[in-house]
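Given chain F, put chain R with the ligands in place with the hints provided.
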Amino acid sequence: MLRYIIKRLIWLAFVLLGLCAITFTLSRIIPSDPAASYLGPRPRPEQVEKVRVQLGLDKPLYVQFAYYMRNLVHGDLGESLRTHRPVLQGIWEHLPASLDLMITAIFIALSVGIPLGVLSAKKENTTLDHLTRLFSVANVSVPSFWLAMIFQIVFFRWLGIFPIGGRIDTVVNLVSPIKQITGFYALDALITGNWAALKSTLSHLILPSITLAAYSTGLIARMTRSTMLEVLREDYITTARAYGISEREILFVQALRNALGPTLTTAGLCFAFMLTGTFFVELIFFWPGLGTYTVNAIFLNDYPVIMGITIIMAVFYVVVNLAVDILLAVANPRIRLG
Amino acid sequence: MAAVTVLSIRDLKTYFYTQEGVSRAVDGVSYHVIRGETLGVVGESGCGKSVTALSILRLIPSPPGKIVSGEIIFEGHNLMDLPLDKMREIRGNKISMIFQEPLTSLNPVFTIGSQLSKVFILHQNLTKKEAKKKAIEMLSACEMPSPERIMKEYPYQLSGGMRQRAMIAMALGCNSKVLIADEPTTALDVTIQAQILDLTLQLRKEFGMTMILITHNLGIVAKAADRVVVMYAGEKVEEADVFSLFEKPRHPYTIALMKSIPILGRSEKFLKEVKGVVPAPYLEISGCKFADRCPEAMRRCHREKPQLREVEKGHLVACFR
Ligand SMILES: Nc1ncnc2c1ncn2[C@@H]1O[C@H](COP(=O)(O)OP(=O)(O)OP(=O)(O)O)[C@@H](O)[C@H]1O
Ligand SMILES: [Mg+2]
Chain F
1 MLRYIIKRLI
11 WLAFVLLGLC
21 AITFTLSRII
31 PSDPAASYLG
41 PRPRPEQVEK
51 VRVQLGLDKP
61 LYVQFAYYMR
71 NLVHGDLGES
81 LRTHRPVLQG
91 IWEHLPASLD
101 LMITAIFIAL
111 SVGIPLGVLS
121 AKKENTTLDH
131 LTRLFSVANV
141 SVPSFWLAMI
151 FQIVFFRWLG
161 IFPIGGRIDT
171 VVNLVSPIKQ
181 ITGFYALDAL
191 ITGNWAALKS
201 TLSHLILPSI
211 TLAAYSTGLI
221 ARMTRSTMLE
231 VLREDYITTA
241 RAYGISEREI
251 LFVQALRNAL
261 GPTLTTAGLC
271 FAFMLTGTFF
281 VELIFFWPGL
291 GTYTVNAIFL
301 NDYPVIMGIT
311 IIMAVFYVVV
321 NLAVDILLAV
331 ANPRIRLG
Chain R
339 MAAVTVLSIR
349 DLKTYFYTQE
359 GVSRAVDGVS
369 YHVIRGETLG
379 VVGESGCGKS
389 VTALSILRLI
399 PSPPGKIVSG
409 EIIFEGHNLM
419 DLPLDKMREI
429 RGNKISMIFQ
439 EPLTSLNPVF
449 TIGSQLSKVF
459 ILHQNLTKKE
469 AKKKAIEMLS
479 ACEMPSPERI
489 MKEYPYQLSG
499 GMRQRAMIAM
509 ALGCNSKVLI
519 ADEPTTALDV
529 TIQAQILDLT
539 LQLRKEFGMT
549 MILITHNLGI
559 VAKAADRVVV
569 MYAGEKVEEA
579 DVFSLFEKPR
589 HPYTIALMKS
599 IPILGRSEKF
609 LKEVKGVVPA
619 PYLEISGCKF
629 ADRCPEAMRR
639 CHREKPQLRE
649 VEKGHLVACF
659 R
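Residue numbers (this note's numbering), protein chains in the order written: chain F, 1 to 338; chain R, 339 to 659.
In isolation and in its complexed conformation, chain F is listed as follows:
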């Protein structure tokens, strides 16, 4: 197991190297002058020249890349051309907000998608099954920005039960501010017993996380349904029934445990893709996460930030996949990692 993990991490290093080379080259090919960006509006030419040297932009591309990689190894992703703050710090500050959203979303997706898939398989070809399948297809095919706007119209404009956006109510944040411990608002509010803030942050979380969860919910429900259908035909399910095991236990323990592999893999992929999926959602719901941070960086041609985020996303992707593999191996004794 450990060997497998190490092997995967080494592989990650290679992936990152390739990825860095590509993004680095791309960021230098696009027609914009980083040195000018660094100085802000209307810089003087001699200033630009000075910064060019300061940033090492006068060196050949491969030298610049080597520098970048050296810094990267030391955990330094460079600094933002606009704010002049370390990129890593920026990412670190915005990541919890995104993860907040993503974790809630994947939680929703799993806890809605799996039972739906299981029941749908159990009740194959009944009305419930048809409705579930329709629901899944709808979830998978509706674009998130559209869903987000519908939610805003219905729940904010018409019903007025959920806020239109943001992470917490401004007034609440002023009256009883959240003490930052983990960076996850709901968790921090819970730890510090800040009920007003907890309530506010949860009500802000609902619409965006459901929006973000929609696609994954549909996909997970479908995947669970189809594997469950296969598993429920297996002989050992008949054995379980023949020995008086309850239908509930058969469905949710004996069968689901066997069907979980593809579902978990799907969920892992969904979760990894959510890091980009969240960009739209964050923009529409004014969510101060990585998405907002990234989109701003893109508009401003802040290439160190863009690169940093690309790298973080790749790492995230690989780590999530690794975690899923480990989970699968734990769930199924036949899988040997190696």
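These are calculated hints, taken from the structure and not from any lab test. Keep in mind that the hints are not guaranteed to be accurate.
With a cut-off of at most 30 Å between alpha-carbon atoms, the simulated DSS-like pairs for lysine-lysine come out as follows [unchecked claim]:
(1) Lys515(R) with Lys471(R)
(2) Lys404(R) with Lys123(F)
(3) Lys515(R) with Lys404(R)
(4) Lys471(R) with Lys122(F)
Note that this is a predicted model, so its numbers are computed, not measured.
Leaving out everything else, chain R with the ligands in the frame of chain F:
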């Protein structure tokens, strides 16, 4: 000792509603088992032996299957009328089952120990520890080497024979009254078959169970059964105690089966001397279903369905001859 009927099946009809049509897998079968005996149920592959057995415990997958009519009388109740939760108290507890395919009959993601313990806890109100002890006991009763180790193993780590032993351990540990063994040895290696059969027979006696032994091998029947039911294409064609059956088989199908008794374990030249195949179960046949293959068929056989009649005490046959 008076003959007490433990379980009886009356006019059971189990159909499958498939795309080809209605498959009458079991079409009006009746049989009963007497306490302490072993009832052999024989017939070619596909004649509805397993479906009958599954119907007893109401385990027919639905859809596509459905028990259309019939009664299963056990301990004075018709199992068909029981609500599902009462039915579950009977499954495994009063009637237990061993299946044809040891390779796929155990759940691959749970250890042998946990699968056995779970069933024992469920039906016998044992604590986890007691159930584990019992499981180890049962495994060693089934002549498993190092049962403690087996407890922690997963099915895929065991051979087919070992898995079937584990299955038998589960069935016997339930102290049930009736054991349905659905071809417990068919899928196994030649050398293992005899071992598993002997083990099953010996333990059945030890535990005082009544057994329904399903097989397509009359050799096994001769060795193990007290009475025999011969099935053909979803129907019972002959029933007799084992001696009169082998001495004086009445139905041409039984006679054909006798001629092709496979030596236990040898690959089978099943019913070679009889031409043709079993009619597809979704065909409507007005006469005797065996008539097309029967060496002694008369014209009447194709038109009219022979009813079961008693030719001797306890010896029933569905044939005009
Ligand atoms: N799930 C199912 N769907 C459709 N038809 C089925 C199903 N299960 C069984 N049947 C049909 O029922 C008939 C009887 O099958 P059954 O399994 O009882 O045969 P068997 O006598 O046990 O044979 P074998 O010796 O091969 O086990 C077969 O024709 C089969 O096609
Ligand atoms: Mg069978």
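Comparing the hints with the structure gives:
no. : hint                     : result
1   : Lys515(R) with Lys471(R) : 22 Å, holds
2   : Lys404(R) with Lys123(F) : 16 Å, holds
3   : Lys515(R) with Lys404(R) : 26 Å, holds
4   : Lys471(R) with Lys122(F) : 35 Å, violated
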